[in-house]
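Asks: The residues making up each chain are set out below.
Protein chains: 4
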Amino acid sequence: MQETTQKEALKRLSYIEGHLAGIRRMIDEDKYCVDVLKQTYAVRRAIEKLEALLLDGHLHTCVVAGVREGREEQVVGELLELYELANK
Amino acid sequence: MQETTQKEALKRLSYIEGHLAGIRRMIDEDKYCVDVLKQTYAVRRAIEKLEALLLDGHLHTCVVAGVREGREEQVVGELLELYELANK
Amino acid sequence: MQETTQKEALKRLSYIEGHLAGIRRMIDEDKYCVDVLKQTYAVRRAIEKLEALLLDGHLHTCVVAGVREGREEQVVGELLELYELANK
Amino acid sequence: MQETTQKEALKRLSYIEGHLAGIRRMIDEDKYCVDVLKQTYAVRRAIEKLEALLLDGHLHTCVVAGVREGREEQVVGELLELYELANK
Numbered sequence: 001m002q003e004t005t006q007k008e009a010l011k012r013l014s015y016i017e018g019h020l021a022g023i024r025r026m027i028d029e030d031k032y033c034v035d036v037l038k039q040t041y042a043v044r045r046a047i048e049k050l051e052a053l054l055l056d057g058h059l060h061t062c063v064v065a066g067v068r069e070g071r072e073e074q075v076v077g078e079l080l081e082l083y084e085l086a087n088k
Numbered sequence: 001m002q003e004t005t006q007k008e009a010l011k012r013l014s015y016i017e018g019h020l021a022g023i024r025r026m027i028d029e030d031k032y033c034v035d036v037l038k039q040t041y042a043v044r045r046a047i048e049k050l051e052a053l054l055l056d057g058h059l060h061t062c063v064v065a066g067v068r069e070g071r072e073e074q075v076v077g078e079l080l081e082l083y084e085l086a087n088k
Numbered sequence: 001m002q003e004t005t006q007k008e009a010l011k012r013l014s015y016i017e018g019h020l021a022g023i024r025r026m027i028d029e030d031k032y033c034v035d036v037l038k039q040t041y042a043v044r045r046a047i048e049k050l051e052a053l054l055l056d057g058h059l060h061t062c063v064v065a066g067v068r069e070g071r072e073e074q075v076v077g078e079l080l081e082l083y084e085l086a087n088k
Numbered sequence: 001m002q003e004t005t006q007k008e009a010l011k012r013l014s015y016i017e018g019h020l021a022g023i024r025r026m027i028d029e030d031k032y033c034v035d036v037l038k039q040t041y042a043v044r045r046a047i048e049k050l051e052a053l054l055l056d057g058h059l060h061t062c063v064v065a066g067v068r069e070g071r072e073e074q075v076v077g078e079l080l081e082l083y084e085l086a087n088k
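Residue numbers (our numbering), protein chains in the order written: chain P, 1 to 88; chain E, 1 to 88; chain F, 1 to 88; chain G, 1 to 88.
Among these hints, one or two may not hold up.
Identical copies look the same in the list; a pair holds intra-copy or inter-copy alike.
[Unchecked claim] Straight-line C-alpha distance at most 20 Å; calculated EDC-like pairs for lysine to aspartate or glutamate:
1. K31 / E78
2. K49 / E3
3. K38 / E78
4. K7 / D35
5. K49 / E8
6. K38 / E48
7. K38 / D28
8. K31 / D56
9. K7 / D28
10. K49 / D28
It should be emphasised that the hints constitute simulated quantities derived from the structure, not laboratory data.
Next comes chain P alone, as it looks inside the complex (with noise of 0.2 Å):
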């Protein structure tokens, strides 16, 4: 992983923990389901945009060597695989 794309991946999970733990507040406290359930929400999309930043960095590094080093079958098959766990 480069660096920058390291410590932004590291900065959007602290995002996310924090997230969690005002979820964590909500319950405990007893809030309206219907809020809580917006939060949720807004971490699945916090986690998909996570996702996007570690899979860009992982195909313009990993994806395109291992082409030119010919160990394609391995990279493509690493994708449709993570593509099938995507949408499961």
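Dock chains E, F and G against chain P, hints included.
Replies: For chains E, F and G alone, kept in the frame of chain P given last:
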């Protein structure tokens, strides 16, 4: 929220927090992106299970009570809003 | 289903069918995969809009009536089943 | 697109079209909304399978060729755009 739902929700939240701590470690140690992404997909699944639990409780209590008390426009409106957010 | 919902649903279905006919043409003419995939994502969005319409009608009619008639276990159970299917 | 991918894609498209025709009949005959929604979710799954097939072909041919020919910025950029559209 019913007490059993609340306890179960906090338990699932702890699980998600532990999972995220594991992802933080993986990023810190610069693990292979594909393996990190597989873990973020697993976190998404865990959040969806938390949401299903919260929705279950909400439908059985607030929605049923709302319809009985003549506030069906409010509770139905909220459910449609949640559906739209979930699909975004 | 109310008549306005039914008419609107059939209209949206025609739109989706037309869109799929366009995708068939693109595949027949061997268009660039990326462009075909953009269209299939648009079809997914159109199906989600059809679902939102059907769900809206269902909540306002069958669910409200079901709760009033004491069949809340049935209607709530069906909604949770749909939620699970939507997330699969 | 390779000929086998194209044939398989058209076959899956026919399946989706047939499924939609069934949904049209259900709406025409005013079937229970919950049953119609279960069918629209099945269509979503079928479209995702078509997408996985197209993506598989795209990665093995255009993406690998693009990287080899030095057009990695283009092919990687397109994949990230598709990922974002798929998550919207």
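Asks: All hints are to be evaluated individually against the structure, with a verdict given for each.
Replies: Hint check:
no.: 1; hint: K31 / E78; in the structure: between (41 Å within a copy, 15 Å between copies)
no.: 2; hint: K49 / E3; in the structure: within (18 Å within a copy, 33 Å between copies)
no.: 3; hint: K38 / E78; in the structure: between (33 Å within a copy, 10 Å between copies)
no.: 4; hint: K7 / D35; in the structure: between (31 Å within a copy, 18 Å between copies)
no.: 5; hint: K49 / E8; in the structure: within (11 Å within a copy, 28 Å between copies)
no.: 6; hint: K38 / E48; in the structure: both (16 Å within a copy, 12 Å between copies)
no.: 7; hint: K38 / D28; in the structure: within (16 Å within a copy, 30 Å between copies)
no.: 8; hint: K31 / D56; in the structure: between (37 Å within a copy, 15 Å between copies)
no.: 9; hint: K7 / D28; in the structure: between (32 Å within a copy, 9 Å between copies)
no.: 10; hint: K49 / D28; in the structure: between (27 Å within a copy, 18 Å between copies)
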